[in-house]
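Protein chains: 2
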Amino acid sequence: MKTLLQRGFNGCGVQDITSAAGVPKGSFYNHFESKEALGAEVIERYWQSSSSRLAILRDASVSPLERLRRCFTSQVEALVEWNYERGCLLGNFAAEMSDHSTVLRARVAAAFAEWTRELEQVIQQAQAAGEIPQGSPPAALATFLINAWEGAVLRARVDKSRVALDAYLSLAFDKVLA
Amino acid sequence: MKTLLQRGFNGCGVQDITSAAGVPKGSFYNHFESKEALGAEVIERYWQSSSSRLAILRDASVSPLERLRRCFTSQVEALVEWNYERGCLLGNFAAEMSDHSTVLRARVAAAFAEWTRELEQVIQQAQAAGEIPQGSPPAALATFLINAWEGAVLRARVDKSRVALDAYLSLAFDKVLA
Numbered sequence: 001m002k003t004l005l006q007r008g009f010n011g012c013g014v015q016d017i018t019s020a021a022g023v024p025k026g027s028f029y030n031h032f033e034s035k036e037a038l039g040a041e042v043i044e045r046y047w048q049s050s051s052s053r054l055a056i057l058r059d060a061s062v063s064p065l066e067r068l069r070r071c072f073t074s075q076v077e078a079l080v081e082w083n084y085e086r087g088c089l090l091g092n093f094a095a096e097m098s099d100h101s102t103v104l105r106a107r108v109a110a111a112f113a114e115w116t117r118e119l120e121q122v123i124q125q126a127q128a129a130g131e132i133p134q135g136s137p138p139a140a141l142a143t144f145l146i147n148a149w150e151g152a153v154l155r156a157r158v159d160k161s162r163v164a165l166d167a168y169l170s171l172a173f174d175k176v177l178a
Numbered sequence: 001m002k003t004l005l006q007r008g009f010n011g012c013g014v015q016d017i018t019s020a021a022g023v024p025k026g027s028f029y030n031h032f033e034s035k036e037a038l039g040a041e042v043i044e045r046y047w048q049s050s051s052s053r054l055a056i057l058r059d060a061s062v063s064p065l066e067r068l069r070r071c072f073t074s075q076v077e078a079l080v081e082w083n084y085e086r087g088c089l090l091g092n093f094a095a096e097m098s099d100h101s102t103v104l105r106a107r108v109a110a111a112f113a114e115w116t117r118e119l120e121q122v123i124q125q126a127q128a129a130g131e132i133p134q135g136s137p138p139a140a141l142a143t144f145l146i147n148a149w150e151g152a153v154l155r156a157r158v159d160k161s162r163v164a165l166d167a168y169l170s171l172a173f174d175k176v177l178a
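Which chain is which? The protein sequence lines are A and B, in order.
What the first sequence shows, in UniProt numbering, is residues 1 to 178, in sequence order.
What the second sequence shows, in UniProt numbering, is residues 1 to 178, in sequence order.
Since the hints were made in silico from the structure, they are not lab data.
Heads up, some of the hints might be wrong.
[Said to hold, decoys possible] Straight line, CA to CA, 25 Å or less: simulated SDA-like cross-link-like pairs of lysine to any residue:
#1 Lys35/A x Asp16/B
#2 Lys175/B x Ser170/A
#3 Lys160/B x Phe173/B
Starting from the given sequences, assemble the full structure and let the hints guide the process.
The following block contains the structure:
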């Protein structure tokens with residue numbers, strides 16, 4: 001996962017992956033039919049490993065709007081800590097593989113869809129609690145915010161700067177959800 | 001440019017590029033020091049070829065807000081027409097190469113910066129004309145909208161659907177710029 005996250009799907013070979021894992025290259029095909037099959041598995045694991053993000057969104061002891069804020073703020077902090085050198089595996093695979101692998105595309109789409117549903121629920125709760133206005137459909141807000149987040153992460157990596165992330169936090173919460 | 005846009009920087013080799021151009025592979029290095037040097041040139045050309053986008057943004061015969069709307073609506077139409085199969089070269093290179101080539105990263109950053117400045121000017125004009133409120137700084141709005149756009153394009157490619165693009169148009173204009 002680390003090798004794929006750092007180098008991209010086409011930026012590394014099976015050899016790089018098995019070397020990083022400290023196993024012989026030949027053993028790879030005992031476990032995976034192809035690099036694509038590993039990629040699909042990695043997307044699944046990456047999404048499961050985002051459980052801290054989901055834990056924040058589901059923490060009923062915190063107000064819905066504050067949960068939304070913490071979800072993105074914690075990710076900003078992580079990106080800054082990594083010097084903007086690790087992006088989002090979903091966004092990376094989306095850019096690289098959407099038009100080249102139906103298997104990987106479907107896995108990325110499923111992960112984005114699940115994240116969107118999670119966010120949508122919290123937005124619904126924030127609307128019900130009167131923390132944000134009722135006007136916009138929660139599904140559209142969730143989709144927009146997740147996509148805008150992915151774009152902000154990409155830009156922060158290009159600029160090696162938090163400007164894009166700060167613009168995201170400020171406008172997502174002061175305009176989109178206000 | 002077409003080959004790099006379709007396959008990504010790491011998804012094609014020099015051979016693929018020279019084949020697509022109908023020239024012998026050996027001739028490549030008469031023109032470019034490396035594939036990276038070609039990539040940098042392609043980013044520059046790609047950005048220059050976005051002149052229709054800039055022409056829309058600079059068309060003083062149209063109100064600033066309407067120019068912003070046309071700029072993104074025309075890109076949505078193009079993506080739908082291509083069946084979401086071509087993304088944005090800047091976004092693709094950002095995802096793939098930000099951490100692996102300072103040359104490519106710098107070129108992508110420069111193109112995004114120029115696009116942001118262009119958008120910022122039109123947002124300033126829209127604010128001055130009273131078409132959008134003065135509250136948010138034009139530079140932050142421009143950065144946010146461009147990044148959110150890049151994320152929406154990525155998501156449309158993953159979903160092979162215009163849902164992300166419609167959410168973008170609706171929330172960018174009804175919330176972020178309203």
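Here is how each hint holds up against the structure:
1. Lys35/A x Asp16/B: Distance ~21 Å between Lys35/A and Asp16/B Cα, so the pair holds.
2. Lys175/B x Ser170/A: Holds. Lys175/B to Ser170/A sits at ~13 Å (cutoff 25 Å).
3. Lys160/B x Phe173/B: holds, 23 Å
Taken one by one, the earlier hints all hold for this structure without exception.
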